[in-house]
Amino acid sequence: MWFAALLVYLFLYLPLTVVVIYSFNDSRLNAEWVGFTWRWYEVLFQDEEMIQAAVNSILIAVGASFIATLLGTMAGIAIHRYKLKALPFLVITPVAMPEILLGVSLLLFFIQVLHLTLGLLSVLVAHITFCVGFVAIVVRARLAGMDESIFEAARDLGATPWQTFRLVTLPLILPAVIAGALMSFTLSIDDFVITFFTAGVGVSTLPLQIYSMIKIAVTPEVNAVSTLLMLVTLGMILLAARFDKTVLRGQE
Amino acid sequence: MNRERITRWLVSGPPFVFMVVFFVLPALIMVVASFRFPGEHGGLAPMFENGTWQFTLETYQFFFSDFIYTEIFLKSFLIAGLTTVICIAMAYPVALLITRVPKRFRDVMILLVVLPFASNFLIRVYAWMIILGPQSAFSIAINSVVTAFGFEPVTLLFSPFAVIVGMVYVHLPFMVLPLYTNLEKHDPILLDAAQDLGANAWKRFWKVTWPLSLPGVYAGSALVFIPVLGMFAVPDILGGTGDILIGNLIKEQFLGTRDWPFGSMLSIMLTLAVLAIAALAMRFSRKSLSYA
Amino acid sequence: MKTSFTTEAQRHRGFMKKLFSVSLCLCGGFLFFLFTNTAYARDELHLYNWNNYISDDTVARFEQSCRCKLVQDYYSDNEEMLAKLAAGASGYDLIVPTGNAVESLIKSKQLRPINKQLLPNLRNIDPAYLNTAFDPGNRYSVPYAYTITLIGYNAQKMRELDLPTDTWAVIFEPKYLKKLKGRVTVLDSQRELMAAALKYLGYSANDTDEAHWRRARDLIIRAKPYWAAFNASSYIKELTIGNIWLAHGYSNDMFQAQLDAKNAGRPFTIAYATPKEGAVLALDSMVLHQTGPRPDLAHRFINFMLEGKNSAELTNLIGSGNPNRDAMHHIDLAIAANKAVFPTPEIQTRLEMLKDLDRNQRRVLSRIWTEIKVR
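Residue numbers (my numbering), protein chains in the order written: chain A, 4 to 255; chain B, 3 to 294; chain C, 201 to 575.
All clues stand as given, with none of them false.
Dumping the calculated BS3-like pairs for lysine-lysine here, alpha-carbon to alpha-carbon at most 27 Å: (1) A:Lys218 with C:Lys284; (2) B:Lys77 with C:Lys381; (3) C:Lys476 with C:Lys379.
It is worth saying that the hints were derived from the structure and are not from the lab. Keep in mind the model is a prediction, meaning the values are calculated, not measured.
Could you put the whole structure together from the sequences, leaning on the hints where they help?
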């Protein structure tokens with residue numbers, strides 16, 4: 004078993020190591036090792052499109068995680084407290100669907116109904132739609148592990164719902180809220196499929212940029228941007244894990 | 003009491019409205035679109051034209067008029083199933099090992115599983131493009147073995163094999179995590195008891211650990227199977243001449259042949275398939291969902 | 201229980217305030233960005249162009265001459281561009297689609313007529329590339345550059361294996377393909393691959409007879425087991441590395457592969473040739489989109505690109521075909537002499553531009569394509 008597990012870990016890490024190593028390869032072709040260079044990182048930092056894509060990614064991720072956290076927290080509380088039937092279905096289904104379906108239906112919706120020009124805003128809305136569910140799940144899980152009597156006690160002592168929320172509920176679920184926010188951020192900055200369908204021209208995000216680079220002209224610049232992106236998302240996940248350990252397991 | 007009701011609306015209202023507008027409504031639009039005619043130059047033909055409503059079942063007939071589309075669905079299910087099985091086989095030893103190591107190492111080991119997940123999935127797919135390329139050390143090694151046994155050299159990249167490897171690699175963490183969450187809850191006393199009763203390691207696994215872990219297996223399988231079904235980027239990047247799945251077909255209707263009704267219709271078929279699977283999974287794993 | 205939550209609450213209160221202000225700042229910053237991003241008031245020309253389809257030097261010179269900024273977005277496929285426009289993309293002054301896409305854009309009334317009075321340099325264009333079937337009288341489009349869909353190959357390997365390089369047969373006939381198993385890629389494009397097969401069978405690339413399509417399909421399915429992949433553009437790299445020995449692709453991509461292989465000091469050369477049965481010529485033209493706010497700058501750009509020197513710069517960069525007669529003096533001699541880039545009049549008669557398909561034809565072709573992929 005040790006051996007099998009070791010092999011799996013190897014399987015997990017070998018490819019990424021290759022990507023990182025090749026980001027320092029002094030050859031356009033990415034086939035054999037030629038020599039060490041920082042060149043691709045320099046190219047990357049001068050690549051205006053790439054930087055614009057990174058800015059877009061961050062903008063969308065910040066906006067989407069903020070709003071999704073707000074809505075997701077509400078949804079989590081509502082599901083837990085009022086035992087609603089429809090809301091869990093509404094919130095969690097997008098999480099369980101193949102992404103392509105959400106992408107396609109939102110594309111049709113934006114164009115056919117809203118007559119919205121695809122752009123930053125459409126991507127933002129799409130990202131919120133699938134992030135809400137993740138936040139709601141984390142928040143609800145946290146609430147489910149809690150003693151119901153605290154809230155009753157607060158009410159019995161005459162606290163308004165808002166007071167109960169602000170003074171009792173929020174402090175208790177805060178780790179889950181923050182974890183949900185960071186998770187949304189990671190999901191949003193990482194999303195490719197839904198963005199692919201809902202992004203207009205001119206609005207590129209990092210994953211879109213990476214996809215077109217892989218499909219069109221692969222240079223080690225892809226490896227360089229991948230390495231950097233890995234570091235960033237890694238940081239976010241570690242941060243999220245500091246607030247709520249369940250994040251590491253709570254992907255379901 | 004009245005205030006309680008207002009609160010209730012205030013809390014559940016916004017997410018409810020948001021999801022209805024941006025999830026349910028688009029889904030309905032998609033259903034409607036599948037009954038419309040494609041536009042002459044892409045998009046959709048007008049819904050109301052020449053004094054009549056322009057709806058048709060043509061797209062559905064087109065789907066069922068040829069077995070080929072059903073075939074692609076079946077093939078996608080096969081690939082998704084295969085990916086799931088391989089993921090189970092690979093995730094199990096890891097998850098089991100994590101539960102057996104001392105507590106302080108567990109978080110680190112879990113983190114090690116999640117870390118590759120921190121990179122964008124396109125990057126993970128791209129990594130295999132490098133590794134499976136015919137000039138890579140890995141390919142050359144494999145082929146030297148293959149030719150030593152007298153077979154023709156094999157191409158690894160652009161093959162169904164590459165697609166499966168990519169799919170497994172991208173989705174493996176989704177299997178390890180629920181499996182671990184489940185295995186962690188097992189009471190070691192059960193295994194001790196089995197051992198006392200004379201069961202060997204193999205038997206202990208099949209009679210005790212495996213049946214108990216089934217909810218975790220189901221949860222993980224749903225998390226792997228469903229996304230694989232809709233995936234188009236992996237066959238796009240790693241696949242060869244015949245590797246086309248539902249996802250590719252749907253994508254092509256929107257971005258290749260400008261046939262939105264057909265794309266919508268395929269999406270609806272996929273949705274139905276996923277719902278059927280989800281219903282099945284629910285049945286099997288009520289328990290696992292309740293504490294997930 | 202009660203004590204535990206009060207202490208936790210106290211611990212979190214300060215933190216919550218901080219968190220609240222931080223998220224408020226983030227949100228404010230976000231909105232600020234969203235607005236500043238859209239509310240620019242500079243002279244900008246928005247060009248929706250193919251990847252790598254204009255030289256940086258040309259851009260710099262144009263920006264200097266018009267005192268404006270050229271903002272580019274890119275596509276790598278006509279269908280992708282059409283899909284994005286159908287999805288409501290707007291604000292583009294200029295697009296550079298291929299003929300059949302121009303036709304589709306004209307018919308769906310997405311284009312603005314050009315004003316030829318603003319384009320004195322239009323006389324530089326070779327009349328052979330004017331007055332095309334997709335835009336009679338050039339009411340909407342001005343030729344930019346062209347590529348030919350042909351075959352590129354590893355010259356050493358093809359010689360070693362004693363294979364012909366002047367015919368589609370080498371892509372479609374098992375007797376040749378046997379020697380090339382797993383070393384061939386073809387374009388992942390319904391129209392292009394079908395056109396090649398139709399040409400090889402002796403039909404027009406624009407043939408829409410279903411029976412002919414089915415014959416082409418059978419030809420493709422018979423050859424498919426020998427091919428490595430349907431491929432959009434990574435054949436450039438695969439050829440350069442030496443993984444692939446023969447590729448169906450665009451002339452400018454082959455030019456790139458040839459250059460890359462030379463620069464990387466590979467022990468072989470990449471060559472390319474137009475098959476004798478004929479091939480598809482893709483004429484990319486500059487058109488004005490209805491939604492573009494700056495037709496004035498767009499006309500300046502078109503006229504600028506019609507200058508021989510500027511037009512030649514693109515050819516020298518990517519090896520594209522050039523419809524501009526004045527450009528010929530500025531084009532590198534090696535490229536100007538390349539028959540695969542500048543076809544002889546004799547080959548020229550066998551080149552065809554693709555026409556747009558109607559919705560029923562698209563659906564039929566799409567099914568045939570699916571069959572090709574699955575079988």
